[in-house]
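Number of protein chains: 2
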Amino acid sequence: MLSKGEQTRQEIVERALALAGEVGLERLSLGMLAAGMSLSKSGLFAHFRSKEALQLEVLQKAIDHFIEDVVAPALREARGEPRLRRLFDLHLQWIHGNGRRGSCFFMALTHEYDDRPGPVRDLLVRSQRDWYDTVSRVVRAAVEEGHLRADLDADQFAYEFVGIGMVFQQSAKLLENPRAEERARAAFEALLARSRP
Amino acid sequence: MLSKGEQTRQEIVERALALAGEVGLERLSLGMLAAGMSLSKSGLFAHFRSKEALQLEVLQKAIDHFIEDVVAPALREARGEPRLRRLFDLHLQWIHGNGRRGSCFFMALTHEYDDRPGPVRDLLVRSQRDWYDTVSRVVRAAVEEGHLRADLDADQFAYEFVGIGMVFQQSAKLLENPRAEERARAAFEALLARSRP
DNA sequence: GAGAAATTAGCACGATCGGTCGTTTGTGGC
DNA sequence: GCCACAAACGACCGATCGTGCTAATTTCTC
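Protein chains in written order, with the numbering used here: chain A, 152 to 348; chain B, 152 to 348.
Some hints could be false.
Where chains are identical, the list cannot tell them apart; a pair therefore holds if satisfied intra-copy or between any two copies.
Stated by the list, open to error - No more than 35 Å apart at the CA atoms, straight line, and that leaves these computed lysine-lysine pairs for DSBU-like:
| id | residue 1 | residue 2 |
| --- | --- | --- |
| 1 | 212 | 192 |
| 2 | 202 | 324 |
| 3 | 192 | 202 |
| 4 | 324 | 212 |
It is worth saying that the hints were derived from the structure and are not from the lab.
On a predicted model such as this, the values are computed, not experimentally measured, just so you know.
Kindly produce the complete structure, drawing on both the sequences and the hints.
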């Protein structure tokens, strides 16, 4: 059984994750976080010895959710193209995230931290590299299954895969383009088409 | 001739643009901006009646630079594929911006403002829609020139064009992938290839 | 060069930031 | 039920934020 402290700590991180999705990790303040829960600022702060520690835990939690919601379900799909398609699908869902989690967070952090060194950036970089790698591995599996061309550059595929997700996010959320998803899917189909044997 | 006030005002906006490229528009503070120039915070503030007014001017200046550095030179290129290629090239340069201007600013703002309504967001949205439109128009011209397929969906092309720029930015700047540019160019060539007659 | 107008400085305000402190309240093991 | 300890509190720190206000200074006009 988890102690009282660990329990509220988890609640804080979860709530912080939601808030950070709206305002970013840097603009997330201990004061507003504490106000949103029934906790004093200092009581909250005591759980983490610094704001950075909190930020790291929040980012790690986001990574965990991403793996749980996107990567893991895709890996349960049949190897090859089906798995790759499912990964793309879940990726889109994650980004547009109608649900509470979502609002792709990682992309926001990319610009918050692309020239702010430190442990948060390091963790972010690691997680993004892992993401590219994951896509790449799924692509390579599709090659092995014979669904995609044998001489396909899997890393190039992953690169473009990620790019489609990024425009999708801007197009759907900032520009409110109603055809954003349709266009993302069309782009993915084209990418698939030219990658087939 | 421009008055003393207008002159320093321009200097402020220019300096603010540089700073905002590093820390974002929201984290740009009047204090640090004034400290960087030889001006008091209040003396600086007097030029703009609010921080938001300053932010709007900074964003407008960034738009002006983007048009000057990317759009305008491309439009001087021969209509059709050459112009489209040049546009892509300049776009990449703008994003990676070794020079002081650069660090694509607009993408950072996308995530800073994608759920923060207000005049700054409005201006940003307008400018980004213009950008997609600009690419689209250049693509349509290439269709008319017979360089690209007659039934090509120019907006789809523009969508993917923008997406490539976005991965490029993350890959090059955050992930420090040395092959980022090479991959961006490969993606663009593939996009071009499947758009030809 | 005097006077009007524009520009800048100085100072202060209320708010909020991350963080520290000593103290109080609650929990859990015995 | 006791007692040690974990957890939460409230007051407070120095810093910084955007933004007023007034006074001094500079620039521009005639």
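Please name the hints from earlier in the document that this structure breaks, with their numbers sorted from lowest to highest. Violated hints: none; all satisfied.
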